[in-house]
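Chemist: The primary structure of each chain is shown beneath.
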Amino acid sequence: MPATYEPIATTTLGSATATISFTSISSAYTDLRLVLTGTHETTAATVRMQVNSDTGTNYSFTELSGDGATATSARSTSSARINCGNANFNNTLPSLITVDWFSYAGSTNKTCLVTTSQDRNGSGVVYRTVGLWRSTSAITSIQMFPSTGNFATGTTATLYGILRA
Amino acid sequence: MPVTYQLIASNVLSSNVASITFSAIPSTYTDLVLRASVRKNQATTATEFYIKPNSDSGSNYSFTMVYGTGSVATTSSFASNTNGLLIRYIDGTSNTANTFSSSEIYIPNYNSTATKPISSFSVEENNTTSATMAVQAHLYAGTSAITSLLIGVPSLTILAGSSFYLYGIKNS
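Residue numbers (my numbering), protein chains in the order written: chain V, 191 to 355; chain R, 2 to 173.
Worth flagging that the hints you see were computed from the coordinates, not collected in a lab.
There may be inaccurate statements among the hints.
Beta-carbon label-pair distances, calculated as ranges [unchecked claim]:
no. : chain 1 : residue 1 : chain 2 : residue 2 : range
1   : V       : S297      : R       : P155      : 47 to 53 Å
2   : R       : T130      : V       : S217      : 46 to 52 Å
3   : R       : S164      : V       : A206      : 39 to 45 Å
4   : V       : G339      : R       : N99       : 50 to 56 Å
5   : V       : S217      : R       : T100      : 38 to 44 Å
The C-beta atom is built at its ideal place from N, Cα and C for all residues, glycine as well.
Go ahead and model the full structure; you've got the sequences and the hints to work with.
Modeler: Rendered as structure tokens:
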């Protein structure tokens, strides 16, 4: 297998933290993959994502989700972030979130695919989200943060670089 | 930088079997990825194959999923089941001949002794009136590090030509 899938950085929280950031991301790869597993410190929240610390309304996203009772699709335009699921990132059972940013260093607007897995013994929710960041700048940093409060101690996030073979 | 996405083991079936096992999975990785191409000997609409970490048959498995059949999107869930991680949907013998479903399962922190969230995406395409794609959020409540994966189909067999590739991902 070509040496094409490499860890860029990883963090396991030693204390509750409001934002997990990956900074100074090299442009040496083709795509990025972020894997986050963890819980919220105290409550249920939505994990949100921004890139390059851009807090402007430069994002949009479309979601497909199911909670065992209702299958739903929703979208948000001119948003100030991309949501990675909804308010099911809680403090009792772990969630898995993966994010793939495609051609993150290119000169076109940037798209991503988010998977959010939050089963709660049959009462949780599963999400697939496509996101857009309307910027032609290369992505050099990624910020992940709960809509309220902190990620709990032990939450782990890893950023991988994928290089075309 | 180390190479981090590596093949641990594979199994391409040359004959029909009830199950296969990936055993002695090394603890040197952070996450596991299983890629499977599966068909089973079920004449009616096929549903699933199972994965049992460490051959665990306790009531430690649940999932929530959303799926589409080509005409409607639906959701369902399953709590406290003993049948393993149920990966839906897969091709059976009523589907287009010589067609195998495709599935990817992501198991993070498999060395952890905590409950594990798991993601899967499976497609069962075939040239009939209904085909299904499903995304699932699983929860495995087993609290041992995963050292083996037992893979099978309940009361039936996995057909020859099915293939399973297990990869390890290292985060450092």
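Chemist: It remains to establish, for every hint, whether it holds in the given structure.
Modeler: Now the hints, each set against the structure:
1. Here the CB-CB span from V/S297 to R/P155 is close to 51 Å, well matched to the stated 47 to 53 Å.
2. The hinted range of 46 to 52 Å is satisfied by R/T130 and V/S217, whose Cβ atoms lie roughly 47 Å apart.
3. Our hint of 39 to 45 Å for R/S164 and V/A206 holds, since their Cβ atoms are close to 43 Å apart.
4. For V/G339 and R/N99, the Cβ-Cβ distance of about 52 Å falls inside the hinted range of 50 to 56 Å, so the restraint holds.
5. Taken as a hint, the range 38 to 44 Å holds for the pair V/S217 and R/T100, whose Cβ atoms sit roughly 41 Å apart.
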